[in-house]
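25 is the number of the first residue of the sequence shown in the working numbering; add one for each residue after it.
Quick caveat, the hints were computed from the structure, so don't treat them as lab data. Computed from a prediction, not measured in an experiment: that's the story for all the values here. Ideal placement from N, C-alpha and C gives every residue a C-beta, glycine not left out. Fair warning: there could be bad hints in the mix.
What the hints assert, rightly or not - Lysine to any residue pairs mimicking SDA-like chemistry, simulated, CA-CA at most 20 Å apart:
no. : residue 1 : residue 2
1   : LYS385    : MET466
2   : LYS489    : GLU470
3   : LYS509    : GLN529
4   : LYS613    : ARG599
Claimed, not checked - Pair by pair, the computed Cβ-Cβ distance ranges are:
no. : residue 1 : residue 2 : range
5   : ARG66     : SER396    : 46 to 54 Å
6   : LEU191    : ASP492    : 56 to 64 Å
7   : LEU191    : MET290    : 23 to 31 Å
8   : PHE472    : GLY573    : 22 to 30 Å
9   : ASP492    : VAL54     : 51 to 59 Å
10  : ASN392    : ASP367    : 28 to 36 Å
11  : MET124    : THR210    : 54 to 62 Å
12  : ARG66     : GLN148    : 16 to 24 Å
13  : THR398    : GLY268    : 52 to 60 Å
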Amino acid sequence: MANIAAGYGHLGRSGLDDLVLGKLYDRRVVVRLLGYVLAYKRWTVMAMIGMFGYILTTVSQPLLIAWGINSVISPDDDGSRWQSIHIIGLIFLGNALANMVFNYIQYYFLARVSVNVLYDLGTQMFNHLQGQATSFFDRNEVGRIMSRVQNDVLQLQEFLDVAVITLGDVAMLVFIAAVMFWLNPTLALVTMSSMPILVVIMLIWQRYSRPAFILVRTALSAVNGSLQENISGVRVSQSMNRQGLNVQRFDGLNTEHLDATLRVSMLSASVLPVVEVLTVVSLGLAVVVGGRMTFNGTLEVGFLVAFLLYVHRFFEPIRTLAQQYTQVQRAMASGARIFELLDIEPELVDRPDADEMPTIKGDIRFENVSFSYTEGTEVLHDIDLRIEAGQSVALVGLTGAGKTTMLSLVARFYDATSGRVAIDGIDVRDVTRQSLNRQMSMVLQEPFLYSTTVKENIRYGHRDKTDDDVMAAARAVGAHEFIMKLEDGYDTMLQQRGNNLSMGQRQLVSFARAVVADPRILMLDEATANIDSQTERVIQEAIGKVLHGRTSIIVAHRLTTIVGADKIVVLEGGRIKEVGTHGQLLALKGVYARLYAMNFGEDLWGSGGDLSAERAGADMLGDFTVEFEGR
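Please construct the entire structure, taking both the sequences and the accompanying hints into account.
In structure tokens:
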């Protein structure tokens, strides 16, 4: 349990709380779930009709049996009793057929309602997640989010499948109790005298079962989180020979899940024997007390038999409810977790009066911008920077300097903590994100491709682009030639994450996807970091064409990508330290010059240092091997 609980320490503001304790009845969950059910009123009404029809025909069966028995042992000997038996037999057969039909109606329409409700919930959860800010996914592991969308929705589906039946069991108890008191109030009170004992036992049992149920959900969520993390990072694990430790850690989480599940199974199994014992006790009381009444002539034999059948049937719903108790409680916890997720408001939303972004020219300004991912820890401090329309600007700096954060603020993945980011003089918070993002593109270090065709990967997000537009974008970045050599050309299906392409080919497709929209602002976040030199040369040839007439912001650790930038911005500790061209920055003999000297062994401060732009530009054709990685 300690390991599991430790896994939740990272949850911050709006983080998912997996420690939601399930109740047997959670009014908020039931009311909200009822809203989804009532969207299918006609099917729900049919399911209710089937349920109550099934209950009435089931409750009628012992009475028909009692009627038949009393007719057989009736002192009448004129032959009419045999005629009554035939009538009763036909009625019993008709009742059995009606019981079967009502039961079918109940299950059929219940299935239709539950499947559609779960479809609506799943779709709403997916859409809701798509609208969450990037910060939400920073705080919550993918495995835990998937546990909500998959395991909790599945748990709720199982609950919906038994919800009407559970309601039916409760209604069955009421009908049977009513008939028993109608037949003989005294005998009914005697046979139900064991019920207070059952209630006390269930109350005690619930105190131990509730923590056990939530522990199972918590353990399963931890297992899913670890599984997702290890599958996604399998290459790193194998390269670091970490498999043994990963297996050991996963085995520990899995063992905790096993122990928690076994504890719940033990608790669940302990209820049924109690119900069985109480059933036998009640039947014994009914036989003893009812037998005396029959012997004394105050109760007919047929009604005693009916009473015994009712006692047995009375405890059947209780037995079923005891079995479903754990499922209902788990479903309530799952419902609470699902609605908790749906209630998380996106932190980054358009203002009510947000306008559409006009056609972007590309003038970007950071005006006294500071930013924090977590409260109290600034990663950018008072950034003032102007990027003129059509300029190519490079951001350099050591890990954590704030380069990627600046790109994220321009793309409005986050909002500045203070100050403002403006494009063409318009605060990015004053326009809709969709109209803003439609006019800019970003290429990341790790290209992410979807399991669809090459064509659809390039057109992704821009459904209005024709096949000719897609091919033109591929040609612009130098990807057309290798795509045409694929088995089905642009219609070639890509494997997961594009694994049937090389890293360089994946990046070229990613570049094509970025330029197919003809963005006014193009951002490259270490886009050439993971590709070979030959592919980089192809991209370098294309970049000049692609960036022409566009505002571009480039983060790169290979200076071949940034040496020709109009402006290079050097970041250190979240602050701008230097701004200038490549030659100007070398001449400053500051941070940029030290990075250059460190990587190329140049003595920029001695007599042998040649700081001419021509010499420096030639030297920079090699790889700048320090990994600049910013958030």
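For which of the previously enumerated hints does the structure constitute a violation, in increasing order of number?
2, 11 and 13
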